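**Student:** As given, the protein sequences belong to chains A and B, one line each in that order. If you read the first sequence in the numbering used here, its first letter stands for residue 1, the second for the next number, and so on. If you read the second sequence in the numbering used here, its first letter stands for residue 1001, the second for the next number, and so on.
By construction, these hints were calculated from the structure, which means they are not laboratory data. Misleading hints may appear alongside valid ones.
Claimed, not checked - SDA-like mimics (lysine to any residue), calculated; alpha carbons at most 20 Å apart, straight line:
1. B/1124 x A/169
2. A/56 x B/1032
3. B/1056 x B/1046
As the structure is a computational prediction, the values presented were derived from the model and not from experiment.
There are 2 protein chains.
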Amino acid sequence: MSTNLKLSDADTRRASIIAAALSVFAQSGYGSTPVAAVAAKAGISQAYVFKLYPTKEVLFVAAMERCYEIILETLTAAADTAPDGSPEGILEAMGEAYARLIVDRDILMIQVHAQSAADIPAVKAVVRRGLATLVRLAKARSGASDAAVQSFIAFGQLCHLIVTTDLTELNDDWAQTLWKGMSHY
Amino acid sequence: MSTNLKLSDADTRRASIIAAALSVFAQSGYGSTPVAAVAAKAGISQAYVFKLYPTKEVLFVAAMERCYEIILETLTAAADTAPDGSPEGILEAMGEAYARLIVDRDILMIQVHAQSAADIPAVKAVVRRGLATLVRLAKARSGASDAAVQSFIAFGQLCHLIVTTDLTELNDDWAQTLWKGMSHY
DNA sequence: CAATTTAGTGAGTGATTAATCACTCAAATT
DNA sequence: AATTTGAGTGATTAATCACTCACTAAATTG
C-alpha cells in the first residue's frame, strides 16, 4: 500500500495499542469489544495487534495494568502534595485526585468491566494486585485507620456506580442522596 | 422427538427461563454468555427462548428485573422484622438481610454485569430504577439520614468488589482491611 | 370428531470475530 | 551488492452466535 513515512518500533506501537485498548475496552467492556476495534482506534491492522499481544485476554490485561499504573501514579503524587498532613487530610486529597482522574471515564470504566470479567483468572489476579497496591498506598501514605481506608475504597466504588449510571444527570431526591457530598466527582 | 409428558404453559416457562438466565448471565455476563446457554440451563430449545423473549437484550433485562424484585422483597421483609426500631438498627438489619441474600452470588453478579453493560440504554434504565426503589425503601423504612443511606449503598458496592475478587480467601493485611467489620457477608 | 390454538423444536442463515498465514517493504548488517 | 531482520498488512479460516422459519405434537374448543 502507500509508503509509510514514519515507522515506529514495536515498543512505541505497544504503547499506542494499549492506549487504544484502554479507551475502546472502556466503552464496551471485554466481551463486547472486538480486537478489530482496538486495531482501528490504534490505526494499525488487526494482525499486528495479535502479533504484539497474542490473545485478546492478554491485551485486556495489559490495558488493565496500564490503568492501575496511572491510578497509582496519580494517587502517589496527590499524597505528596496534600496541604494538610493529617491522615484524613491526606486521604481526602487522594480522593480528590482520583475524582479529577476519572472525569474522562476510561480509567473508571476499565475497572468496572474488569470486575465483570473477573471470572477470567488473569483478570481477577490483576484486580487483586491493583487493589492491594492501592490499599497499601492509602494506608502507608495517610496513616489513617483501617476503617477510614475501607471507607475510602467503598466510596470509590459508589463513585463508579454513580458514573456508570450517569446519576448526576438526575435531579430526583434518591439520586441526590447518593450523590451528595461527593461533589468533587 | 420423544413424547413430552408434562407441558407447561408459557408463563411457567417464562419463569424457568428467567431463573436460568439469572444464573447463567451471573456467571459470564451479558456479552460473554450465549442465549443457547440459557436455553440449555432451562432445558428447552434456543428457538423457544427467542419466541418468549425476542432479543438477548430483552432477556437480560428481564433477568435484571427479577433480580431487583428479589432484592426488594428481601429488604422489605428485613425492615419489618428488625428487632431494634432505631434508624441505624433497621439499616443494619437490611444490610444483614442483603448479606444473607447474596451468598449464592447470582443476585450480586447480575448487578455487577449490569453495571458493566450500562451502555445499553435499557440496561442503564433498569439499574437506575432498581437503585431508585432501593434507596427510597431504605430511606422510608429506616428513617435514617441521607448520609447513612449513602453509606449503606457504598458499602454494598464494596461488598460486590469483595465477592467478585474472592477477597475472603486471602489472609493478607490489605484484604483484611477491606473485609473487616463486614463479617456477615 | 374437526378445527383451531398453543407449546415446542430441528435445522438452518448471515454476520461477527478470535486467531493464523503468507506475504511485502524498508532498513540495518555484512 | 547481497542478506538478514523487523515492521506491518490483506486475505482467510474455523468457530461462534443472534436470530429465523418451517414444521409437529398436544391441548382446547365447538
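**Student:** Would the hint linking residue 56 of chain A and residue 1032 of chain B be met if the CA-CA limit is 20 Å?
**Tutor:** 13 Å, holds
**Student:** Does the alpha-carbon distance linking residue 1056 of chain B and residue 1046 of chain B stay inside the 20 Å limit?
**Tutor:** 11 Å, holds
**Student:** Is it true that the CA of residue 1124 of chain B sits at most 20 Å from the CA of residue 169 of chain A?
**Tutor:** With a Cα-Cα distance of about 13 Å, the restraint between residue 1124 of chain B and residue 169 of chain A holds, given a limit of 20 Å.
When each numbered hint is compared with the structure, no violation occurs for any of them.
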